[in-house]
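Order-wise, the sequence lines are chains A and B.
If you read the first sequence in the numbering used here, its first letter stands for residue 1, the second for the next number, and so on.
If you read the second sequence in the numbering used here, its first letter stands for residue 1, the second for the next number, and so on.
Rather than coming from a laboratory, the hints here were simulated on the basis of the structure.
Any given hint could be a false lead.
Here are the in silico distance ranges between beta carbons for each label pair [what the hints assert, rightly or not]:
hint : chain 1 : residue 1 : chain 2 : residue 2 : range
1    : B       : Glu-72    : A       : Thr-113   : 41 to 47 Å
2    : A       : Thr-113   : B       : His-10    : 23 to 29 Å
3    : A       : Thr-31    : B       : Glu-68    : 28 to 34 Å
4    : A       : Val-13    : B       : Ser-87    : 29 to 35 Å
5    : A       : Thr-113   : B       : Asn-7     : 45 to 51 Å
6    : B       : Leu-115   : A       : Ser-71    : 29 to 35 Å
7    : A       : Thr-20    : B       : Pro-61    : 33 to 39 Å
8    : B       : Gln-80    : A       : Pro-40    : 30 to 36 Å
9    : B       : Glu-41    : A       : Val-46    : 16 to 22 Å
10   : B       : Gln-80    : A       : Pro-116   : 46 to 52 Å
11   : A       : Thr-31    : B       : Arg-78    : 33 to 39 Å
12   : A       : Asn-67    : B       : Arg-20    : 40 to 46 Å
Using 20 Å as the maximum straight-line C-alpha spacing, the simulated SDA-like pairs for lysine to any residue come out as follows [as the list claims (entries may be wrong)]:
hint : chain 1 : residue 1 : chain 2 : residue 2
13   : A       : Lys-3     : B       : Arg-111
14   : A       : Lys-38    : B       : Glu-57
15   : A       : Lys-3     : B       : Glu-57
16   : A       : Lys-108   : A       : Val-24
17   : B       : Lys-44    : A       : Gln-8
18   : A       : Lys-111   : B       : Pro-39
19   : B       : Lys-27    : A       : Glu-44
20   : A       : Lys-108   : B       : Gly-42
21   : A       : Lys-38    : B       : Pro-39
22   : A       : Lys-111   : B       : Glu-40
23   : A       : Lys-38    : B       : Ala-89
Using N, Cα and C, we set each Cβ at its ideal position, and we do this for glycine too.
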Amino acid sequence: AQKVTQAQTEISVVEKEDVTLDCVYETRDTTYYLFWYKQPPSGELVFLIRRNSFDEQNEISGRYSWNFQKSTSSFNFTITASQVVDSAVYFCALSEANGGSEKLVFGKGTKLTVNP
Amino acid sequence: NAGVMQNPRHLVRRRGQEARLRCSPMKGHSHVYWYRQLPEEGLKFMVYLQKENIIDESGMPKERFSAEFPKEGPSILRIQQVVRGDSAAYFCASSPRSGYQETQYFGPGTRLLVL
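Let the sequences and hints guide you as you build the complete structure.
Structure follows, in structure tokens:
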């Protein structure tokens, strides 16, 4: 069965600090996809990144970077030089490629608060 | 390109009433997914639909809940005889095709409050 664990329930940092959000997943499939979404206080869900299981290259997008390590089943997300606008709940999600359904399995989320 | 549209954004119902939640996917998207977010929890998959077909309803409660995605018009999530435990945020997502684990883009959600 698929499972996503985000062990950090809440993180609080001061602006300009770097912060890493952890995500560990479980799946029996060899082909799968991993996602990160952001849910700001306004409540909508914003897509951040999609990564397939064959691509272990780290990705950087501005202040955001992602570290995918298949050996430890982790897909961690780092925000460099955090800003107040980064305050949100961040969700990691997993989707398996087999079985017909393309549902996302979400972790419980990590609430990030960036203080000025 | 308009995003996923959901309405209403907020819905208040009394116990026993029916709730109808609507979702219009992004232009060009023919796959719709519904998720529920209970307070302080992550999102849980409910149902996956293509036009006129339910592909996976493994996350739908067996009773009172139904979903459809007709040939014309939005997808509808219907909850009959609502109870307080149905209070949650309901999110719809859409993607352009199946088989490739395409990114699902989410709507703003409908916050349902059952009094």
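Evaluation of the provided hints:
1. At about 44 Å, the beta-carbon gap between Glu-72 (chain B) and Thr-113 (chain A) stays in the expected band of 41 to 47 Å.
2. Hint check: Thr-113 (chain A) to His-10 (chain B), Cβ distance near 25 Å, so the stated range 23 to 29 Å holds.
3. As the Cβ distance of Thr-31 (chain A) to Glu-68 (chain B) is approximately 31 Å, the hint placing it in 28 to 34 Å holds.
4. Between Val-13 (chain A) and Ser-87 (chain B) the CB atoms are about 32 Å apart, so this pair conforms to the stated range of 29 to 35 Å.
5. Take Thr-113 (chain A) and Asn-7 (chain B): their Cβ atoms lie about 31 Å apart, and the range 45 to 51 Å is violated.
6. Between Leu-115 (chain B) and Ser-71 (chain A) the beta carbons are some 50 Å apart, a value that contradicts the proposed interval 29 to 35 Å.
7. Restraint check, Thr-20 (chain A) to Pro-61 (chain B): a C-beta distance of roughly 37 Å satisfies the suggested window 33 to 39 Å.
8. At roughly 33 Å, the beta-carbon separation of Gln-80 (chain B) and Pro-40 (chain A) lies within the given 30 to 36 Å, and the hint holds.
9. At roughly 19 Å, the beta carbons of Glu-41 (chain B) and Val-46 (chain A) sit within the given window of 16 to 22 Å.
10. Range check, Gln-80 (chain B) to Pro-116 (chain A): about 47 Å between beta-carbon atoms, so the 46 to 52 Å window is met.
11. For the pair Thr-31 (chain A) and Arg-78 (chain B), the beta carbons lie near 34 Å from each other, so the given range of 33 to 39 Å is met.
12. Checking the proposed 40 to 46 Å range against Asn-67 (chain A) and Arg-20 (chain B) shows it holds: the Cβ atoms sit about 43 Å from each other.
13. Straight-line distance between C-alpha atoms of Lys-3 (chain A) and Arg-111 (chain B) comes to about 26 Å, which puts the hinted pair past the 20 Å bound.
14. Simply put, Lys-38 (chain A) and Glu-57 (chain B) have alpha-carbon atoms about 25 Å apart, too far for the 20 Å limit, and the pair is violated.
15. Taking the CA atoms of Lys-3 (chain A) and Glu-57 (chain B), the gap is near 19 Å; set against the 20 Å cutoff, the hint holds.
16. Between Lys-108 (chain A) and Val-24 (chain A), the direct Cα distance comes to roughly 12 Å. Compliance with the 20 Å bound is thereby established for this hinted pair.
17. The suggested pairing of Lys-44 (chain B) with Gln-8 (chain A) holds, with an alpha-carbon distance near 19 Å, which does not exceed 20 Å.
18. The suggested pairing of Lys-111 (chain A) with Pro-39 (chain B) holds, with an alpha-carbon distance near 13 Å, which does not exceed 20 Å.
19. Restraint check for Lys-27 (chain B) and Glu-44 (chain A): the C-alpha separation of about 19 Å stays at or below 20 Å, so the hint holds.
20. This hinted pair checks out: Lys-108 (chain A) and Gly-42 (chain B) have alpha carbons roughly 4 Å apart, not beyond 20 Å.
21. Annotation: proposed proximity of Lys-38 (chain A) to Pro-39 (chain B) holds, straight-line Cα distance about 16 Å (limit 20 Å).
22. Taking the CA atoms of Lys-111 (chain A) and Glu-40 (chain B), the gap is near 10 Å; set against the 20 Å cutoff, the hint holds.
23. Distance restraint check for Lys-38 (chain A) and Ala-89 (chain B): the Cα-Cα separation of roughly 15 Å lies within the 20 Å cut-off, and the hinted pair is therefore satisfied.
In terms of the numbered hints stated before, the structure departs from hints 5, 6, 13, 14, listed from lowest to highest.
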